[in-house]
Every structure is written in structure tokens, then in C-alpha cells.
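Here the working numbering is used: position 158 in the sequence shown is 158, and no number is missing along the way.
Since the hints were derived computationally from the structure, they do not count as laboratory data.
Treat the hints with caution; some may be incorrect.
[Unchecked claim] List of simulated lysine-lysine pairs, DSS-like, C-alpha gap at most 30 angstroms:
(1) Lys4 with Lys93
(2) Lys93 with Lys52
(3) Lys17 with Lys93
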Amino acid sequence: MKTKAPIAVWSPVQPIKSGVSDSTLELLMELRQFYDIEIFIDEGYEPAPEVKALFPVFPFTAYEQRHHERNFAVVLHQMGNAFFHFYQYEPMKRQQNVIVSLHDLTWAHTLFNSYARQGRFAELRQEIASMLSPDEFAEYDAAEAALYQGDSSPMRQFLDRHYLLNNI
1 MKTKAPIAVW SPVQPIKSGV SDSTLELLME LRQFYDIEIF IDEGYEPAPE
51 VKALFPVFPF TAYEQRHHER NFAVVLHQMG NAFFHFYQYE PMKRQQNVIV
101 SLHDLTWAHT LFNSYARQGR FAELRQEIAS MLSPDEFAEY DAAEAALYQG
151 DSSPMRQFLD RHYLLNNI
């Protein structure tokens with residue numbers, strides 16, 4: 001019998017209510033015929049019993065140790081434009097053999113809201129600056145200034161127009 005290659009899958013899973021968690025489970029049911037799958041989730045919730053019965057599930061903070069033990073052939077990230085996907089962003093940039101399945105055309109709102117919630121405004125500015133032309137970044141500056149004056153409309157409009165997918 002041929003040994004299945006180990007793969008790591010980063011995705012929210014049930015009971016998180018999202019199309020990504022549902023479609024990930026469907027995808028993994030097919031992939032498990034060919035691969036030995038481990039799932040890495042954000043901290044703060046327990047995966048549904050039916051998910052744990054099918055696959056080993058770990059908090060994402062266990063990835064480095066598991067990768068050291070398993071040497072994953074591929075790392076699959078299932079991502080959407082929602083805050084519960086942001087845990088994948090920084091680690092994904094350091095990993096090798098990464099495949100990203102992006103379920104939404106934009107990442108801008110998640111990127112902005114996740115950095116802002118953590119109070120990481122200087123890092124947010126750097127990240128956004130790395131993805132925009134000088135003229136586009138000037139537009140971001142104006143939207144940010146309006147935000148500090150209590151008007152969130154220019155920032156929402158900016159984030160709707162700029163997908164900010166460059167670093168994915």
C-alpha cells in the first residue's frame with residue numbers, strides 16, 4: 001500500500017458558520033483518499049465532533065512542531081474575507097509549498113479590520129503601502145484622516161475599490 005503524502009490544511013471548520021468551513025470539509029472528504037491530512041485552526045473554539053472524528057485538528061500554534069514531525073508536502077490555506085481567516089495571514093507568508101484557495105475577490109476589509117482591532121496601525125500602514133502606488137497610498141491617507149475625524153465612509157469606499165491581495 002502506497003503511503004499518503006502529509007498535507008496541512010489551514011481553514012476555519014464547523015461549528016464556524018461560513019461557506020469556507022463547509023466547502024473545506026467537502027474538499028477534504030475527497031482529498032483524504034490521496035493525502036494524510038491535518039487541519040490547523042484558529043484558537044478560541046473547538047472543532048465540531050464530526051470534523052474531529054475524520055481528521056486530526058490542531059491549533060495553528062502547533063503547526064511548526066507538527067511540520068517538524070511530519071514534513072508536510074503542501075500547505076493548503078482556505079481563506080475568505082472574514083476576520084476568522086486572519087490567523088493564517090502572517091504564517092502563510094513564511095511557509096513553503098503553499099497553495100491558497102481564496103474564496104473572495106477582496107482581502108482589504110479583513111486586513112484593515114484585523115490589524116486595527118489589534119492596534120497595529122503602523123504595521124497596517126506598512127502593509128498597505130507595500131501594495132499600492134504612491135497615488136493610491138495618498139488616497140488611503142485621505143481615507144485614514146477622514147476616519148480619525150469620525151467619517152468611516154471614505155475608508156469603506158477605499159477598501160471596496162482596492163482588493164489588497166498582493167501579499168497573498
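Hint-by-hint comparison with the structure:
no.: 1; hint: Lys4 with Lys93; in the structure: 26 angstroms, holds
no.: 2; hint: Lys93 with Lys52; in the structure: 27 angstroms, holds
no.: 3; hint: Lys17 with Lys93; in the structure: 26 angstroms, holds
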